[in-house]
Amino acid sequence: MSSYERTAIQAVIGQKPDGQLQKLVSENERLILQKRFKLRRICAETAKFNPDLSNRSTIPIPKSDDLAYLYVGAEKELHDKVQVHDLTNRSLRAAQLSHGFVGSVDDKPIVQTALICSIMTLIEAGLNAAFFNNAHMVTGPTAALLTSFLISATNVVACCCAGFFIGRYQNYGINAPCADESYYRGQRRKARLQLMGFIIVMVFFHLTVGLIRTQETIEAVNHSPMAYLEMLQTPEAIFLIIMGGCMSIIAYHKGIHSFDCPYPEIGRLQRAEVAAKEDIHNTFDYFQDEITDYFTSTEKEIEDPIKNQIKSVEQYNKSVSACHEAWNQLEQTVRDAETHCRGELAELTTSYCCISSESQEVPADILQQMMSFEKYLDVQIPAFHSLPEITSFKSELLLEKTQAVKRLATIFKNATQSPGGKS
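Okay, so the sequence shown: first residue is 5 according to this note's numbering, each after it adds one.
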């Protein structure tokens, strides 16, 4: 039996269509209650994901003042290093004064000198090889170059060592206030004797090289007046002796001035002064690295809980989005049910009035109140949470780190610019 037929029967027998209205409401309420139950279930599950953000603003940010122990240690360490540098510098100036040395304390160009000596060796080896190969005393250019390289390397290395170990003492203490003291005179006398012996050895060496070219043999040479006279009549032998002698003088000079200070004591103090100065800066770099490591580790400690909070909030907000979607579905169902019920109610009322010959209309506001399911929309929807901002923590952390480094720089400046402590 249709609703119209049922309404017609009720109109004929004089009954009101209350039952049909109740049935109409019940049928629509059933679907609404299902949607509402689903919404409540999703909201209940969302509540389980609600993160605890009570400690969100209480994450401890390390302060530059927390490194007071480091500042104290840096101040003491830098003060000690500066004192060591000051004492070393004083000792250096005292040694320079006692020896009358006024030269530069700059580092010697050791690499440059070694490169020059290597080039000299190759040049001399090339010239010797050309002369030896021209005399057909070797099997080929390679053998000539190898033999010549051994001769030139011996010449350059020996003269550099003589300049370093002997030549630096030739004028030892000559500018000192007490230049005539027995200590300085003894060192100079010893150096002169050693130099004379070395000159004799090198003269013999270069004469031997000349004889090798003259006699065209490298296995055995004859040292005799006739051999020397014959050598003087061989131009290539004279060229070899002159070239070797020039290389010896240059190498000897390089050995005196290019590897270290002419005064060994001053050279040792110069190196100690440079090392002490570098030690000051290394100490500053060490404490600066300590500050960097401290704030880097604390940054990670701060990032971990914030990242966990962000992950929890994202999961929670995703569940809240599902709640809003379910609520929208519930609202849409409610509106559809209200529209449907009001239409059915208007149709039933009109049919009943027509059959029962009663002229009665239901006002629109009364109709809206009778068929309202607004009460089913009173479900409390969880609110979204904003994501924690990690950049604000990092900015504050960077500010504290900058203050810590600035304070360390102030300690370094005070230590190095204190009276007698400039470095």
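Treat the hints as calculated values from the structure; they're not laboratory data. A couple of the hints might just be wrong.
[Said to hold, decoys possible] Calculated lysine to aspartate or glutamate pairs in the EDC-like style (CA-CA distance at most 16 Å, straight line):
#: 1; residue 1: Lys39; residue 2: Glu329
#: 2; residue 1: Lys410; residue 2: Asp69
#: 3; residue 1: Lys42; residue 2: Glu329
#: 4; residue 1: Lys67; residue 2: Glu404
#: 5; residue 1: Lys67; residue 2: Glu294
#: 6; residue 1: Lys39; residue 2: Asp382
#: 7; residue 1: Lys281; residue 2: Asp90
#: 8; residue 1: Lys80; residue 2: Asp283
Predicted, not measured: the structure shown is a model, and the values here were computed from it.
Here is what the structure says about each hint:
For the suggested pair Lys39 and Glu329, the alpha carbons sit about 11 Å apart, so the restraint of at most 16 Å is met. Only pairs whose Cα atoms come within 16 Å are accepted, and Lys410 paired with Asp69 is accepted, the gap being roughly 12 Å. Proposed proximity of Lys42 and Glu329 is supported: the alpha carbons are some 11 Å apart, at most 16 Å. For the proposed pair Lys67 and Glu404, the alpha carbon gap of about 6 Å is at most 16 Å, so the pair holds.
For the given pair, Lys67 sits about 14 Å from Glu294 by alpha-carbon distance, which is consistent with the 16 Å threshold. Between Lys39 and Asp382 the CA atoms are separated by roughly 13 Å; this keeps the pair inside 16 Å, and the hint holds. Annotation: proposed proximity of Lys281 to Asp90 holds, straight-line Cα distance about 9 Å (limit 16 Å). Proximity of Lys80 to Asp283 is assessed by CA-CA distance (about 14 Å); at most 16 Å being required, the pair is judged to hold.
In summary, this structure violates none of the numbered hints.
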